[in-house]
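Just so you know, the sequences run in chain order A and B.
According to the working numbering, the first sequence holds residues 1 to 418 in order.
According to the working numbering, the second sequence holds residues 1 to 418 in order.
Hints are computed from structural coordinates only; laboratory data are not their basis.
Hints may be right or wrong, so weigh each one.
Identical copies carry no separate label here, and so any pair may be met within one copy or between two of them.
Claimed, not checked - Within a straight-line C-alpha distance of at most 27 Å, the following computed BS3-like cross-link-like pairs (lysine-lysine) qualify: (1) K12 to K407; (2) K38 to K53; (3) K12 to K219; (4) K227 to K407; (5) K277 to K53; (6) K227 to K12; (7) K272 to K38; (8) K53 to K272; (9) K277 to K38; (10) K227 to K277; (11) K53 to K219; (12) K53 to K12.
Protein chains: 2
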Amino acid sequence: MSLEATIVRIAKAARAASVQMARCAQERKNQALLGIAKLLEAGSSRIQEENQKDLERAREMGLSAAMIDRLTVSRQTVIAMAEGLRDVVGLEDPVGAIARTWRRPNGLQVSRMRIPLGVIGIIYESRPNVTVDAAGLCLKAGNAVILRGGSEAFFSNRILADIISQGLSRAGLPAEAVQLVPVREREAVNILLRQEEDIDLIIPRGGEGLIRFVVQNSKIPVLKHYKGVCHVYVDAGADHSMAEEICFNAKVQRPGVCNAMETLLVHQSEAKAFLPKVAARLQAAGVELRGCQRTLAVLPGIRAAEESDWPAEYLDLILAVRVVQNMDEALAHIDQYGSKHTEAIVTSDYRRARRFVAEADSSVVLVNASTRFNDGGQLGLGAEIGISTSKLHAFGPMGLEELTTTKFVVFGDGQIRS
Amino acid sequence: MSLEATIVRIAKAARAASVQMARCAQERKNQALLGIAKLLEAGSSRIQEENQKDLERAREMGLSAAMIDRLTVSRQTVIAMAEGLRDVVGLEDPVGAIARTWRRPNGLQVSRMRIPLGVIGIIYESRPNVTVDAAGLCLKAGNAVILRGGSEAFFSNRILADIISQGLSRAGLPAEAVQLVPVREREAVNILLRQEEDIDLIIPRGGEGLIRFVVQNSKIPVLKHYKGVCHVYVDAGADHSMAEEICFNAKVQRPGVCNAMETLLVHQSEAKAFLPKVAARLQAAGVELRGCQRTLAVLPGIRAAEESDWPAEYLDLILAVRVVQNMDEALAHIDQYGSKHTEAIVTSDYRRARRFVAEADSSVVLVNASTRFNDGGQLGLGAEIGISTSKLHAFGPMGLEELTTTKFVVFGDGQIRS
Numbered sequence: 001m002s003l004e005a006t007i008v009r010i011a012k013a014a015r016a017a018s019v020q021m022a023r024c025a026q027e028r029k030n031q032a033l034l035g036i037a038k039l040l041e042a043g044s045s046r047i048q049e050e051n052q053k054d055l056e057r058a059r060e061m062g063l064s065a066a067m068i069d070r071l072t073v074s075r076q077t078v079i080a081m082a083e084g085l086r087d088v089v090g091l092e093d094p095v096g097a098i099a100r101t102w103r104r105p106n107g108l109q110v111s112r113m114r115i116p117l118g119v120i121g122i123i124y125e126s127r128p129n130v131t132v133d134a135a136g137l138c139l140k141a142g143n144a145v146i147l148r149g150g151s152e153a154f155f156s157n158r159i160l161a162d163i164i165s166q167g168l169s170r171a172g173l174p175a176e177a178v179q180l181v182p183v184r185e186r187e188a189v190n191i192l193l194r195q196e197e198d199i200d201l202i203i204p205r206g207g208e209g210l211i212r213f214v215v216q217n218s219k220i221p222v223l224k225h226y227k228g229v230c231h232v233y234v235d236a237g238a239d240h241s242m243a244e245e246i247c248f249n250a251k252v253q254r255p256g257v258c259n260a261m262e263t264l265l266v267h268q269s270e271a272k273a274f275l276p277k278v279a280a281r282l283q284a285a286g287v288e289l290r291g292c293q294r295t296l297a298v299l300p301g302i303r304a305a306e307e308s309d310w311p312a313e314y315l316d317l318i319l320a321v322r323v324v325q326n327m328d329e330a331l332a333h334i335d336q337y338g339s340k341h342t343e344a345i346v347t348s349d350y351r352r353a354r355r356f357v358a359e360a361d362s363s364v365v366l367v368n369a370s371t372r373f374n375d376g377g378q379l380g381l382g383a384e385i386g387i388s389t390s391k392l393h394a395f396g397p398m399g400l401e402e403l404t405t406t407k408f409v410v411f412g413d414g415q416i417r418s
Numbered sequence: 001m002s003l004e005a006t007i008v009r010i011a012k013a014a015r016a017a018s019v020q021m022a023r024c025a026q027e028r029k030n031q032a033l034l035g036i037a038k039l040l041e042a043g044s045s046r047i048q049e050e051n052q053k054d055l056e057r058a059r060e061m062g063l064s065a066a067m068i069d070r071l072t073v074s075r076q077t078v079i080a081m082a083e084g085l086r087d088v089v090g091l092e093d094p095v096g097a098i099a100r101t102w103r104r105p106n107g108l109q110v111s112r113m114r115i116p117l118g119v120i121g122i123i124y125e126s127r128p129n130v131t132v133d134a135a136g137l138c139l140k141a142g143n144a145v146i147l148r149g150g151s152e153a154f155f156s157n158r159i160l161a162d163i164i165s166q167g168l169s170r171a172g173l174p175a176e177a178v179q180l181v182p183v184r185e186r187e188a189v190n191i192l193l194r195q196e197e198d199i200d201l202i203i204p205r206g207g208e209g210l211i212r213f214v215v216q217n218s219k220i221p222v223l224k225h226y227k228g229v230c231h232v233y234v235d236a237g238a239d240h241s242m243a244e245e246i247c248f249n250a251k252v253q254r255p256g257v258c259n260a261m262e263t264l265l266v267h268q269s270e271a272k273a274f275l276p277k278v279a280a281r282l283q284a285a286g287v288e289l290r291g292c293q294r295t296l297a298v299l300p301g302i303r304a305a306e307e308s309d310w311p312a313e314y315l316d317l318i319l320a321v322r323v324v325q326n327m328d329e330a331l332a333h334i335d336q337y338g339s340k341h342t343e344a345i346v347t348s349d350y351r352r353a354r355r356f357v358a359e360a361d362s363s364v365v366l367v368n369a370s371t372r373f374n375d376g377g378q379l380g381l382g383a384e385i386g387i388s389t390s391k392l393h394a395f396g397p398m399g400l401e402e403l404t405t406t407k408f409v410v411f412g413d414g415q416i417r418s
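Can you make the complete structure from the sequences, with help from the hints?
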């Protein structure tokens, strides 16, 4: 079969499976997820054997230690995948929920009912656990899913997808509700992105290059974020010790992730008292600081920031620092250089807190809390399939609800339109 | 300036205006809309003069009477446009509303707050009233809008957009919050559809050809419906007189619109008693019937339906009729030939009503009511900017709320992540 025919067949099978999934009661979906969790644990050695094939190939190809680390599936990884599925079982099923109901003057009762999106394509790199995590969330929300993992994780993803399909069959659900694109060729992605009749949504997970490629080539709607250039703004009159804790946490706790702080904005009235203390603590933790001219006046030892520092997503122990004249300047900076991902203000002023919340145009805006809370689990969504920084359909972390939509349901007694 | 530069400039100006619009209080938006309504009424003769230029050109080009009718702006049309804006003033502003609030165990208070989408592009054909209707809804929801009307309505749209911008300026809002693409060249649409950095959403309104063109060429998310192939299913045991009223209303009341019935499905147990009566009434109203073999057995005089009749959107006094063995067959027919627009069941059976509502995969599903109720106004959304039959972001009629999204707002007291 040609590559094109293979992908088309997969997409059509997913569409057919999605119809069955949409009609499936919560209990049976949960039963399937619990069964898959068991099969994963029971299949741990087989999974690790397949993973070895990927690891050998990765070493031959000279992949970096960090990449090999991300690719490695240990017994612990398998147990974590199974536990992740059990957590999803504990989440409330959004499907069938009535989001709202109202009555019309003519007696019609109108409701908005949650329904699955249909078929979701996930395109991702390296980490094989995405195969299980993403499939679990999509299935719980009543969708079918097509997975296209990185070619470096080919064997690992294949066995994981096989086990998931097996678990689905055993629970009486269609095995095709989860399918892995079974080839390494990159052209498969292009073909997948053209199946707009049978795929409702594409979620790319990986580096900016992958995501731009997907957006450029997709005929299907894409939910994504390119990068997280997150700001903390320390307002005039802010509590310095609170500001210090938040800044330290936002930068240092896990610098390699999208919700870490990349730029610190400090009101000019606080710069002299606040910056030296926080700088010393950040530098002691290995953070390199890059400051604007006004920052350099207070911290003469640090490197001068260049224009390219303001829009930078370092994902590393580097921090750009800028002293601003007032909140207008802070908000203008965020507008110009931000990525609509996460912004925080540290303030004691009620009106400025309200203004920041209203005007910072970002998927998550926090007052007196670390940027690191932009995460589906932390915000109480249960789990997340990713974060969206574009506004259509979902803006911010996406949980089960964002994997659904609503339809209108209308109950009447013979009403006609006059 | 080149065409490309013109469009880029428009998109960037819209983005800048959208930031101001997003921060604008409901009162000022309403004031602007009321001001525009007055200016429209005061400018009625000028609008009609400009409209004459379009009409003369249309006659020269030999446009059909129906198209010329749709293009014509009378004094009454202008008054209706102004009244439409006043209706929008009466609708609740969705911006700033807190969709939901919850507390996390660590004390963080998390909310989802409604915000505008940003910049919306509307691409439409002939009817100049869309210029005012669409702009009004987009503005009320705090967005900036770029309008690209049909070239046949060039002069009419230009003066309408000018009047809207004038009204915005007078209310202290940016005139660029509403801009019309000021050229006739079709290439302008292609360029517009590539401004994904500055435009958040495209809504095409018009025939299937326009919509397919937009979807094929857009780098920006598109909300649209291609067509409405709407079904009424008359269930076993249905009340025949209710079924007859609903079918007659759904087919005859306004056959040229997307929520009119195109195919009637009748349970075999009802065919013999129900079909002759409803057929006679429909035929008396000028409806041509095309039936399946089982229908022909009951209505021998009518034309046999061909395969191409089942997915047809007639938009005319034609109705396809099929007798089905049971509800499974009705739902399978809808799945195969439907357009996910509107489906209705007429039934007296509780369980089958529940099942139809759960399983019919359509943006609006009705029990014992006419398909003609799939309309934002009729369902209580106040007004609509269109109907979406794709599931992402909006599914069904789109009102003010669908022109917004939500961001997460988090209030803390110094929380950091451990």
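Hints not upheld, ascending by number: Hints 5, 7, 8, 9, 10, 11 and 12 are the ones this structure does not satisfy, whereas the remaining hints hold.
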